[in-house]
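Asks: Sequence:
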Amino acid sequence: MTFINNRSIVVSATVLITGLLTGCSFSSESLLPSLTGEDPSGSSATSQQQAQAPASRQQAAPVRSQPPAMGNTKFEPKGVTSGSNTGTFVGQKAVELRTELRRLQGGVSKNNTELQSVRAKTVQDSQRYHGAVSAINARLQVGTTPGNPVLVEQFNQALSDLKKIGDDISDMNVLTTNVTADSTLAAFLAENTRAAFRLSGAVDADHQQLAILEDEVNRTVVLIDRLLKELSEDIQRQTNYVSTERSNLNTLSAAVKSGELMGSSLTNRALTAATAGTTNRRASPRSLAGRRPLVVIRFDRASVAYEQALYNAVSRSLERRPNATFELVAVAPASGGAARVALNSNKARRNAENVMRSLQRMGLPPQRIAVSARTSQAAQSNEVHLYLN
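Start counting the sequence shown at 10; every next residue gets the next number (my numbering).
Note that these hints are calculated values from the structure, not bench results.
These numbers were taken from a predicted model, which means no experiment stands behind them.
Here a beta-carbon is modelled for each residue, glycine too, at the ideal position from N, C-alpha and C.
Please note: incorrect hints may appear among the correct ones.
[What the hints assert, rightly or not] Have a look at the derived ranges for each label pair, beta carbon to beta carbon:
1) Pro-331 - Phe-197: 56 to 62 Å
2) Asp-176 - Arg-111: 41 to 47 Å
3) Phe-197 - Gln-136: 40 to 46 Å
4) Lys-172 - Thr-82: 23 to 29 Å
5) Pro-331 - Ser-126: 47 to 53 Å
6) Ile-221 - Gln-136: 41 to 47 Å
7) Asp-176 - Asn-94: 20 to 26 Å
8) Asp-176 - Ala-348: 52 to 58 Å
9) Thr-384 - Ala-311: 40 to 46 Å
10) Ser-241 - Thr-384: 55 to 61 Å
Can you make the complete structure from the sequences, with help from the hints?
Replies: See below:
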């Protein structure tokens, strides 16, 4: 199959890969069209492929993850009931405990104000981030030039906004430390309030005030516990979100570089939960006998645009087999004498390493990629074959 140019290579391969993968089972591991850099033939099929290119990019539009919902509870203490000093030792103790509770609730109120401020800032940073990413994807979807400086600037803005979300998480961690200190003080205050009931020399009014004080201390303890729990949940959700988006930005960076729309990081395509038992095991080469490659990339010219089609093929594979591993095989022609074979083998190996780096930029963990090399009498140029293990 002959394609017109680098952009046609990617788009045409994308359409065929998508159709074949959805129509066959992985047990057959059918051979897909190769990606090649052969000279154009100038046929009428060329115009049809170019006309279909925008539609193919639209079909490949990624589904971006949305920022996680932040907690919306306001943690405002109800205040402390006033009391009178009865003149007894227990009455004086109640006054001291009441003062400590007011100080504690003041700290809770301050922490609540800081929490609401951090939440509002995180929402604003997330909106700016997704605005920049959406603008990049919209431009990539309709087609653009490789390394478009406008997209590069927007990408750098998105990267900066994501860093700000990471800084917001750091602020939440500092706030967690303060809330934890309040929780310790609240537990100490609750214990002292209960202990005051056992002191001798109290009048009935002292115990009445202590009972009210104990209820208010317990409510404050519950409020602090809920604040700490919700804050911890916010931190966990935002941390996972930032980690996911960092992987997506790596893939988006490759898309901006090539000028072709890809999608979300391969790491985030249902891999985490489904591959917990396999991510720590490196993929191992298997026998190639009887197996057909998922993708063939022919390096028969200086620059071959293969990343879009490669991404689509691997993405579809992971949708069917979330725990799949892959093998890259560097294939060199076996003709031309020993010196020529050795030279081609080195070039093929470098090509395979470049393809592996492309897969890593797309988010595929290196533990899932095995690399091997061989020669072939049938090969006319250096090739890289991708196999599904």
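Asks: Decide, hint by hint, whether the structure agrees.
Replies: These are the hints, each one checked on the structure:
1. Pro-331 - Phe-197: 56 to 62 Å: Given range 56 to 62 Å: violated, Cβ gap about 49 Å.
2. Asp-176 - Arg-111: 41 to 47 Å: With Cβ atoms ~33 Å apart, the hint is violated.
3. Phe-197 - Gln-136: 40 to 46 Å: Cβ of Phe-197 to Cβ of Gln-136: about 41 Å, so the range 40 to 46 Å holds.
4. Lys-172 - Thr-82: 23 to 29 Å: holds, 27 Å
5. Pro-331 - Ser-126: 47 to 53 Å: violated, 40 Å
6. Ile-221 - Gln-136: 41 to 47 Å: holds, 45 Å
7. Asp-176 - Asn-94: 20 to 26 Å: violated, 48 Å
8. Asp-176 - Ala-348: 52 to 58 Å: holds, 56 Å
9. Thr-384 - Ala-311: 40 to 46 Å: Because 22 Å falls outside the window, the suggested range is violated.
10. Ser-241 - Thr-384: 55 to 61 Å: holds, 57 Å
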